[in-house]
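Student: Sequence:
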Amino acid sequence: MIMNVDVDRIRAIAKARTRGEWLAKPARAVLWHLMRPYVEAVLATTKEFATDDALRPPGALTLKPGDRVKLLGRDLTLVATDHKSQFLVLAHDLIGDLVASGREWEPHVRAAIALAADPQGVAVDVGAYIGLHTVLMSRLFRTVHAFEPQRAIYDVLRANLALNGCDNVEAANFGLYDRPGTMRLAGADKQEIPVRIVDGQPVYGDLLNAAALTFELCDDAATAGGVAARTLDELRLENVRLIKIDTQGADLRVLRGAVETLRRCRPTVLFEWEKELGEQHGTSLADFHAFFAQAGYAVSLLKEVTPGRQADFCARPA
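No gaps in the numbering here: position 30 of the sequence shown is 88 in my numbering, and each next residue is one more.
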């Protein structure tokens, strides 16, 4: 069964819960206190979120694993995982199909996240995608800050956070880099997968892997599909115990904007190196090693994804 749900109203009302507006915490708390009864009533009666019998009003529709829905016009499938989580995943997508088949996405990254767990600490997920790792972080850390620049994917991320009761996650629809500015989806000739771009946005129905898209800085703040870029340091987060970065070639740029956070908090860092995409951002694997050596970190290999071209790493204070 396919059901269409318009979540624009929900997004507008719940906006105070995200970092997109950067309201002071008391203001967010007051707004959420005022709006929460309405938002929860809407979520409880929509098919996407009414998965808990205790929350579902009499007569409300239900959604079972395997059912398909349309959220903001995009085909999604609800998948239940072995970790007692549920995710709306993109249909006909590499990661979505893998999770729907019962397999685990990046188990080596999940294991590293678990090793860094701190119930009193803060975790940062840069390039959160649809929240597959974010939901795990929310169960292992006091607070999680998740950043996803793709607007459509950010909407799915928000849905999955609500679906899994991740009230301790602050989600933001902007990118992180080594300086503030505006980012946009890089042109089709700079992507590692075929992509059709219309008005600055990818056509998701044609994509084989929506997580593989790379962004770039641009000079025009009003560019089609543009999204704000900030540095992690300017957010001045405290007690950060884990930073996970997966930004399709921009990981070192993100780290260069987090030097003070690393110095102050000394978190574990999980990052990805991609040779060709990294070169587009002016960085190499040697640059990563030099950066962490200067920061007083030791780097270890988590997994070589593609020999000589792509690998996941973990960096810990030496």
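Keep in mind that the hints were calculated from the coordinates and are not lab data.
There's no promise every hint is true.
As the list claims (entries may be wrong) - Here are the computed lysine-lysine pairs in the DSS-like style, where the Cα-Cα straight-line distance is at most 27 angstroms:
#1 333 x 361
#2 248 x 142
#3 142 x 361
#4 333 x 248
As the list claims (entries may be wrong) - For each label pair, taking beta carbons as the anchor points, the in silico distance ranges come out as:
#5 324 x 245: 36 to 42 angstroms
#6 281 x 173: 37 to 43 angstroms
#7 177 x 251: 33 to 39 angstroms
#8 266 x 351: 33 to 39 angstroms
#9 225 x 141: 38 to 44 angstroms
Just so it is clear, the structure is predicted and the values come from calculations on it, not from any experiment.
Here a beta-carbon is modelled for each residue, glycine too, at the ideal position from N, C-alpha and C.
Student: Take the hints in turn and mark each one as holding or not.
Tutor: We went through each hint and held it up to the structure:
no., hint, in the structure
1, 333 x 361, "holds (15 angstroms)"
2, 248 x 142, "violated (38 angstroms)"
3, 142 x 361, "holds (26 angstroms)"
4, 333 x 248, "holds (13 angstroms)"
5, 324 x 245: 36 to 42 angstroms, "holds (38 angstroms)"
6, 281 x 173: 37 to 43 angstroms, "holds (40 angstroms)"
7, 177 x 251: 33 to 39 angstroms, "holds (38 angstroms)"
8, 266 x 351: 33 to 39 angstroms, "holds (37 angstroms)"
9, 225 x 141: 38 to 44 angstroms, "violated (18 angstroms)"
Violated hints for the displayed structure, listed by number in ascending order: 2 and 9.
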